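Engineer: Let's have the full structure, built from the sequences with the hints guiding it.
So the protein lines, in turn, are chains A and B.
So for the first sequence, our numbering puts the first residue at 1; every next one is plus one.
So for the second sequence, our numbering puts the first residue at 1; every next one is plus one.
It is worth saying that the hints were derived from the structure and are not from the lab.
None of these values were measured; they are calculated from a predicted model.
It cannot be assumed that every hint is accurate.
Claimed, not checked - Straight-line distance between alpha carbons at most 27 Å, and here's what the computed DSS-like set of lysine-lysine pairs gives: (1) B/136 / A/2; (2) A/2 / B/119; (3) B/136 / B/119; (4) B/224 / B/22; (5) B/22 / B/189; (6) A/305 / B/136; (7) A/2 / B/84; (8) A/101 / A/243; (9) B/189 / A/305.
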Amino acid sequence: MKAGNTFLFSMRALSGYPARTLLVLLAMAIGVASVMLLTSLGEGARRYINREFTSLGTHILFVLPGRSETTGGPPPLLGQTPRDLTLEDALALTRNPSIAKVGPIVVGSAPVSWNGKDREVTILGTTSNMFEIRQLAMGQGRFLPVQDPSVGTGVAVIGHKIKTEIFGNGSALGEWIRIQDRRFRVIGILSPKGQSIGLDMSDLVIIPVASAQSLFNTSALFRIMIEAKHRDDIQAAKDAVLKIIRERHDGEDDITVITQDAILSTFDRILTALTLTVAGIAAISLAVAGILIMNVMLISVSQRKSEIGLLKAVGATGSQVLRVFLTEAAILSMTGAVLGLVLAYSGLGVILRLFPDFPVHIPVWSVIASILTAQITGILFGVLPARRAAALDPVQALSRR
Amino acid sequence: MIRLSHIHRIFTVGEEEVYALKDVSLELSSGDYISVMGPSGSGKSTLLNILGLLDRPTTGTYEFEKDQITSLSNEDQALVRRNKIGFVFQFFHLIPRLTAAENVELPLILAGIDPRERKPRVAEALGVLGLKDRAKHRPDQLSGGQRQRVAIARATIMRPSLILADEPTGNLDRHSGSDVIEILENLNKTGITLIIVTHDPALGERARRSIVMTDGSILSDTRKKP
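Structural biologist: What follows is the structure, given as structure tokens:
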């Protein structure tokens, strides 16, 4: 019996029982599609995070007050707080050759009012450097002016959302707003595009760092963002920051420097693990589909007993019968996998339509892996029924109608 | 052509051993026309299954065209079935989803014969049995007599030297039954050995040699005077 004939015979057998065949195909297709869609979502999340981070600028370091790493020593005495990061600390960093820009940050929340309208808003105190470090873009006006950071002036840059909520369609440039009890003149409005992790750039007001310090009555910085001169300078910049601050803080390592690469690679690891986990869960549905194939084939073998007996009577060898049934299992799993592929890509189309910003994408490895798994489970679970068919005693198989 | 010597076939039913065939020795010559009769449970079907290589004797030897068959592997026995033996069953055993022509074609496909050779052979076999216009019909669209004729076409398509018919008329009305017997007898006239298992004494009488079985042994073996 030639392979092509086996294939045709198996096809006829499958199309002879359309309802059963369609059900198995559906199960297989759903299994394959869920593996691919779930991995594509995980992969999409990974890409999304990646993209957000690169939109921040690629060689950024964050300096946080306090040490977040455990040293293994005894816990600090009660009440011992880390030394504050001050504006002077930040300014001291600017002199290092591997550091391009330093952006001190003070964050707080304060009521912003204009013309009787009042709203609690996140206030970000920083310097003109932040514009480049965070790669912001202006919608109207200009960013904070270049000036001595230790001087507080009454100017403010507002986010796009704040602008529409407080000023509506009217012009905001040049207007005076009141933050808590101080007056600030709006000199710029951020463009609506800026949205990055942790901070919705459209929903805040940016004022000079010294103004923010006096507004919140603090000399401490929330953190310092640093842009290294070059990607290769990140490590040097990190060492320099640690060294300079240690000197300024009486020889104590009481800050934490996080590089963006470290954050990014952490996220990457987490999300890759997540994707694999989800893919593994989805693979269970593939195994279920495989078991379904086995069940259906077993039913098929017992229903087609007399056919198998007849095949043997007209001279089919055991291995020919085996091949016929294995081919059926293979056709089922292969067709199911292809249907699953179609299902997955149409599902992807729907997701892309609903969330155009989310970079979903079916990774090639998941396509290959799910189709291979489908094939392997299909054939593996097809072996048992096929062997049973091949071993069927023709006399018994033919004795019943 | 066929020599069975001291064939025993024992089935184990629970604890008990049941002798389906008890020391059966038989010699059949080529081109013969033999009927096997006997009450049910007499072992005639078992004899047919052993002759047709669907079943193996517990002890004893089976020679087919001078070849020792008993010791062949299952796969080799399948080849002998395919090439030398045609079966006709009481319940036809056609594959319901295949057309008449496809059912007849089956042994050729199993033998790996080229499609260009298959088509004319199938058409010829159906033509001989008067089924030319039924080639594209599925079994459920055919009458009983037509189904049995399709089965005979399938049994003869490989040009076997032995045809085994197990109650070939058991499921047919008298008219199509006698049609089928006529066809089988005509095949026998072309030199094919024909063995028919039947309940019907009238049918048994027609054979040149009739064997009657009871309790797994041959009770009588009579040959018609020419």
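Engineer: All hints, please: hold or fail.
Structural biologist: Hint-by-hint comparison with the structure:
1. B/136 / A/2: 23 Å, holds
2. A/2 / B/119: 16 Å, holds
3. B/136 / B/119: 13 Å, holds
4. B/224 / B/22: The given pair, whose Cα atoms are some 25 Å apart, holds under the 27 Å limit.
5. B/22 / B/189: The hint is violated at about 32 Å.
6. A/305 / B/136: At roughly 24 Å apart (the allowed maximum being 27 Å), residue 136 of chain B and residue 305 of chain A satisfy the hint.
7. A/2 / B/84: The given pair, whose Cα atoms are some 21 Å apart, holds under the 27 Å limit.
8. A/101 / A/243: 17 Å, holds
9. B/189 / A/305: With Cα atoms ~34 Å apart, residue 189 of chain B and residue 305 of chain A exceed 27 Å; violated.
In this structure, the hints that do not hold are numbers 5, 9, in rising order.
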